[in-house]
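Enquirer: Here the sequence shown is numbered in our numbering, starting from 9 and rising by one per residue.
Just so you know, these hints were derived from the structure itself, not from any lab. This structure is a prediction, so every number in the text was calculated from the model and none was measured. The beta-carbon is built from N, C-alpha and C at its ideal position, and this holds for glycine as well. Honestly, I wouldn't trust all of these hints.
[What the hints assert, rightly or not] Label-pair restraints from in silico Cβ distances:
#1 SER331 with TYR144: 18 to 28 Å
#2 LEU218 with GLY306: 42 to 52 Å
#3 ALA289 with ARG110: 43 to 53 Å
#4 THR221 with ALA196: 41 to 51 Å
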Amino acid sequence: MHIFFRVWRGLSKLSFLNIVLASLVIILTGTLVGHWVEPETFPSLFDSFWWTMTTLTTVGYGDFFPSSVAGRWLGIFLFLFGIGIIGALIGKLVEVGATFQRLKREGKLMYRGEGHYVYIGWSPKTKKAIDEVLGYEPNADIVLIDQLKEEPYDHDRVHYVHGDASDETVLLQANILRARRVAIFADARIAESLLADGKSLLIASAVEALSQTQGVDLHTVVEVCEERNISKFKHVRIDDFILANDSVSLLMAKATLQPGTTSIFRQLLSKQSGGNIQALAPRPEWTTIRAAAEALLGQGVTLMAVNDRLDYATVLDTKLEASDTLYVVCHDDTWERLNKQGGV
Numbered sequence: 009m010h011i012f013f014r015v016w017r018g019l020s021k022l023s024f025l026n027i028v029l030a031s032l033v034i035i036l037t038g039t040l041v042g043h044w045v046e047p048e049t050f051p052s053l054f055d056s057f058w059w060t061m062t063t064l065t066t067v068g069y070g071d072f073f074p075s076s077v078a079g080r081w082l083g084i085f086l087f088l089f090g091i092g093i094i095g096a097l098i099g100k101l102v103e104v105g106a107t108f109q110r111l112k113r114e115g116k117l118m119y120r121g122e123g124h125y126v127y128i129g130w131s132p133k134t135k136k137a138i139d140e141v142l143g144y145e146p147n148a149d150i151v152l153i154d155q156l157k158e159e160p161y162d163h164d165r166v167h168y169v170h171g172d173a174s175d176e177t178v179l180l181q182a183n184i185l186r187a188r189r190v191a192i193f194a195d196a197r198i199a200e201s202l203l204a205d206g207k208s209l210l211i212a213s214a215v216e217a218l219s220q221t222q223g224v225d226l227h228t229v230v231e232v233c234e235e236r237n238i239s240k241f242k243h244v245r246i247d248d249f250i251l252a253n254d255s256v257s258l259l260m261a262k263a264t265l266q267p268g269t270t271s272i273f274r275q276l277l278s279k280q281s282g283g284n285i286q287a288l289a290p291r292p293e294w295t296t297i298r299a300a301a302e303a304l305l306g307q308g309v310t311l312m313a314v315n316d317r318l319d320y321a322t323v324l325d326t327k328l329e330a331s332d333t334l335y336v337v338c339h340d341d342t343w344e345r346l347n348k349q350g351g352v
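Working from the sequences, and respecting the hints, build out all of it.
Expert: Below, the structure written as structure tokens:
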């Protein structure tokens, strides 16, 4: 019995590749030798292979069994050594799976997908943003970068990367150069707004430096705590700024001055209301803003803004360019119908 324990310990120390090779040798040996010593019992190599596999993985089904002394010695060999090797292989497979899951939880795996969203910094706001994106795009992939020991958000579409987001290695691990959007959230663990925005600036600079080095244009969104700190980002290309504290203050002011307006903002921001903000390019026949607004309204779509202008109603006769962006509000089914008509 001591010998078997020593053999098992030796097998458990073998590398995964060596165990796979040993398993293949055992299977080939059982298949070829079985067919050679008992061609009547195993008329084909597949019959011998079937008997070998059922012997190694179970106690056999009894449909094939050797009758000669040589065949039975082969069966004994498979019992004593083959089952141990196959057991070690199964154990290694389980170990590999467990190791993969552990590394995934700890954010140590490389993300190799493309067209994903990269969210930097974990906070309740990040969770809310992820929930909203996944509710709007169930098949969207999100890579979250933070320095937590384990992934804070368990979801099949969310991949966690552990590390300092200002480190180029960590950004490459998130495959940020193939990302669709990059969103940098203010660190909720930093109480001082100046320090929080300073950290966001450092991360944004790292993202910008990497994208310029590789010649990739990344769309970056940054959450800032104080509006006065936006000017500090002038040397870094940022596409959009989100004001963290001011947004709440402005909504509170609107709610006190004009009750009911917060419900409108909430509907615009969340998909749950049914009406969503979409962006599209002008059709060739929409020569002016007026033509676009009337055409869209006729299809159940509300034109909300042209580029960054909400007051487009004052310039309805302005000509539209192909580079302009129209922001509209409509239901999902209306948006799909507009897509099919070539409105996007």
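Enquirer: State for each hint whether it applies.
Expert: Taking the hints in turn, this is what the structure says about them:
1. SER331 with TYR144: 18 to 28 Å: Roughly 26 Å apart at Cβ, these two residues keep to the hinted range, so it holds.
2. LEU218 with GLY306: 42 to 52 Å: holds, 46 Å
3. ALA289 with ARG110: 43 to 53 Å: Since the Cβ atoms of ALA289 and ARG110 sit about 46 Å apart, the hinted range of 43 to 53 Å holds.
4. THR221 with ALA196: 41 to 51 Å: violated, 30 Å
In summary, the structure is inconsistent with hint 4 from the numbered list given earlier, while agreeing with all the others.
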